[in-house]
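Peer 1: Sequence:
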Amino acid sequence: MATSVCLPRPLATGARASISLPARPRRLPRPRRRPHRLGGAAAGMDALHVSSRDAEPLLHPVSAAAAATAHRRLRVRTHAQGADESATGAGGGAASGADDYSLAAVILPFVFPALGGLLFGYDIGATSGATISVHSAELSGTTWFNLSSLQLGLVASGSLYGALIGSILAYRVADFLGRRIELMTAAALYISGALTTGLAPNFVVLIIGRLLYGVGIGLAMHGAPLYIAETCPSQIRGTLISFKELFIVGGILFGYLVGSYEIDVVGGWRYMFGFSAPLAAIMAVGMWSLPPSPRWLLLRAVQGKSPMEDNKKKAMNALRRLKGPSASDKVLTDEIENNLSSIKAAYADQAEGSIFQVFEGASLKAFTIGGGLVLFQQITGQPSVLYYATSILQTAGFTTASDAAKVSILIGLFKFVMTGVAVLKVDDLGRRPLMIGGVSGITVALFLLAAYYKVLSGFPYVAVGALLLYVGCYQLSFGPISWLMVSEIFPLRTRGRGISLAVLTNFGSNALVTLAFSPLQGYLGPANVFLLFAAISLLALLFVILNVPETKGLSLEEIESILKK
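Quick note: full-length UniProt numbering has the sequence shown finishing at residue 565, numbered continuously throughout.
Some clues are possibly wrong.
[Unchecked claim] Simulated pairs of lysine to any residue, SDA-like, Cα-Cα distance not exceeding 20 Å:
| id | residue 1 | residue 2 |
| --- | --- | --- |
| 1 | K313 | I282 |
| 2 | K365 | L504 |
| 3 | K425 | I181 |
| 4 | K344 | D334 |
| 5 | K330 | S342 |
| 6 | K425 | P549 |
| 7 | K314 | N338 |
| 8 | K313 | P291 |
| 9 | K313 | I181 |
| 10 | K552 | K454 |
| 11 | K344 | G304 |
| 12 | K454 | I562 |
| 13 | K314 | L332 |
| 14 | K314 | Y271 |
| 15 | K344 | L364 |
| 16 | K344 | P325 |
| 17 | K552 | I536 |
| 18 | K314 | D334 |
| 19 | K425 | L448 |
| 20 | K564 | L364 |
| 21 | K314 | A174 |
| 22 | K314 | G437 |
| 23 | K313 | D329 |
| 24 | K454 | L332 |
| 25 | K344 | T368 |
| 26 | K305 | L504 |
| 27 | K305 | R321 |
| 28 | K330 | G304 |
| 29 | K344 | W288 |
| 30 | K565 | L531 |
| 31 | K454 | E550 |
| 32 | K330 | S306 |
| 33 | K305 | K330 |
Just so you know, the hints here were simulated from the structure itself, not pulled from any lab data.
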């Protein structure tokens, strides 16, 4: 069956490609190039075939001529192809130079890495119900169920501390392992952590399992966007990276569903934590079946870590596996040479900066914006609302664990829908309007939660409405846009280390807030805790208004020049 899609405009810009508006709808033939065919549906799949050039990461400029002729239905060609095709005739040059992409070649290199995000989200959703189950005398099925608030906080935040460790490890060994091996390692840690937690005979082993799972989270959340960015077409790179947030949210919803199903089962927390093991096994097998990132292979050769000719051959084979047998040797060779030239130029002109250079000039300004966003993303109460959603709903009048878990499912579904709205609208409305509107809504929601615990305790649906408002506004703002801004804001010279520091800031603050929430709730009471989060949200709103620039429609180089002013 033929399939044809009209692709949305990407959320991130800056791919080094020449963009051409087709002269007319029909596609002109090109020399030395066979049309892509899949199951005999050549005409339909022609609209879904992308240039092999587009596997480059988000580090390269768009030409001025390209920007002037950009259109929502983008067609991309390499510089080498453009030079060949310009000789075929000026009139149809744009159309004949168009190089489409195969949908089949996009799906698997996106889905299997994105499963790492889904498993991260699943842990968040499952933990919401598991903390109720493991702490219940009737449901725990253990003799050590009487956990203190600090121990319960460790159960909830143990995976986040592991993610912090995983982020530090990724900073040191990711370029050595490569994106594919890093994600396979993450899947193995997911499996071992899930099984250790699900079979834990005591509290100490339970925490060890949570830490192992968390290290997998840290590696997966570092390796997945890199692999996707380096293997997907440039037209939809930003969209796919943002859709990874949908996988995370989908994982949260799935965790809520499993928690709701197992919440009344004795020892149900074991199934909630252990159910992620088969999903991680699918991720491991999937990543094993995919080739290494061709660009990583070339990067290793440029760094002098591997023989140049050997890695060029490996990169060619990897690219052929990603593009399929229809891609000609000339197209693959041109892409390899173009990518190699780009990497050499990047290393010659802007060598990777040291960690201290992140705190200088434009890099410092970028880290202030990016690090500030991911910090406020956590300290405005997001981990507390998600990890303790079931507990909050129980105190709001949903007296049984199963009732609270069912409402958590509705919250997770709403979160999923609002994330989709943000992904579709971020390039139309811009980053700043969504951030300002979303953070304003978060502030109102937190004040409503505080008011419920102080004066509106007779109206439990106020708490439910406030949670929905919080979740919706968070997914319109901090959820997808913070990480999109982080990927855009850092200069090339310090981008790698800058993003690593942003990841460390995110997981560190996430773990701290999650661990502190339960003790703070005991000492201050829930009303004062949510008042504290609301005050921090007001500071976050002021930070966004004064510091966060609008990056909609700007190339990475234009953003960097703005930061240098």
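Peer 1: Each hint needs a verdict: does it hold in this structure or not?
Peer 2: Quick rundown of the hints versus the structure:
{"no.": "1", "hint": "K313 x I282", "verdict": "violated (29 Å)"}
{"no.": "2", "hint": "K365 x L504", "verdict": "holds (18 Å)"}
{"no.": "3", "hint": "K425 x I181", "verdict": "violated (34 Å)"}
{"no.": "4", "hint": "K344 x D334", "verdict": "holds (15 Å)"}
{"no.": "5", "hint": "K330 x S342", "verdict": "holds (18 Å)"}
{"no.": "6", "hint": "K425 x P549", "verdict": "holds (17 Å)"}
{"no.": "7", "hint": "K314 x N338", "verdict": "holds (16 Å)"}
{"no.": "8", "hint": "K313 x P291", "verdict": "holds (13 Å)"}
{"no.": "9", "hint": "K313 x I181", "verdict": "holds (19 Å)"}
{"no.": "10", "hint": "K552 x K454", "verdict": "violated (41 Å)"}
{"no.": "11", "hint": "K344 x G304", "verdict": "holds (11 Å)"}
{"no.": "12", "hint": "K454 x I562", "verdict": "violated (46 Å)"}
{"no.": "13", "hint": "K314 x L332", "verdict": "holds (12 Å)"}
{"no.": "14", "hint": "K314 x Y271", "verdict": "violated (42 Å)"}
{"no.": "15", "hint": "K344 x L364", "verdict": "violated (26 Å)"}
{"no.": "16", "hint": "K344 x P325", "verdict": "violated (28 Å)"}
{"no.": "17", "hint": "K552 x I536", "verdict": "violated (27 Å)"}
{"no.": "18", "hint": "K314 x D334", "verdict": "holds (15 Å)"}
{"no.": "19", "hint": "K425 x L448", "verdict": "violated (27 Å)"}
{"no.": "20", "hint": "K564 x L364", "verdict": "holds (10 Å)"}
{"no.": "21", "hint": "K314 x A174", "verdict": "holds (19 Å)"}
{"no.": "22", "hint": "K314 x G437", "verdict": "violated (48 Å)"}
{"no.": "23", "hint": "K313 x D329", "verdict": "holds (12 Å)"}
{"no.": "24", "hint": "K454 x L332", "verdict": "violated (65 Å)"}
{"no.": "25", "hint": "K344 x T368", "verdict": "violated (29 Å)"}
{"no.": "26", "hint": "K305 x L504", "verdict": "violated (27 Å)"}
{"no.": "27", "hint": "K305 x R321", "verdict": "violated (23 Å)"}
{"no.": "28", "hint": "K330 x G304", "verdict": "violated (26 Å)"}
{"no.": "29", "hint": "K344 x W288", "verdict": "violated (29 Å)"}
{"no.": "30", "hint": "K565 x L531", "verdict": "violated (37 Å)"}
{"no.": "31", "hint": "K454 x E550", "verdict": "violated (38 Å)"}
{"no.": "32", "hint": "K330 x S306", "verdict": "violated (24 Å)"}
{"no.": "33", "hint": "K305 x K330", "verdict": "violated (27 Å)"}
Checked against the numbered hints above, the structure breaks hints 1, 3, 10, 12, 14, 15, 16, 17, 19, 22, 24, 25, 26, 27, 28, 29, 30, 31, 32, 33 and satisfies the rest.
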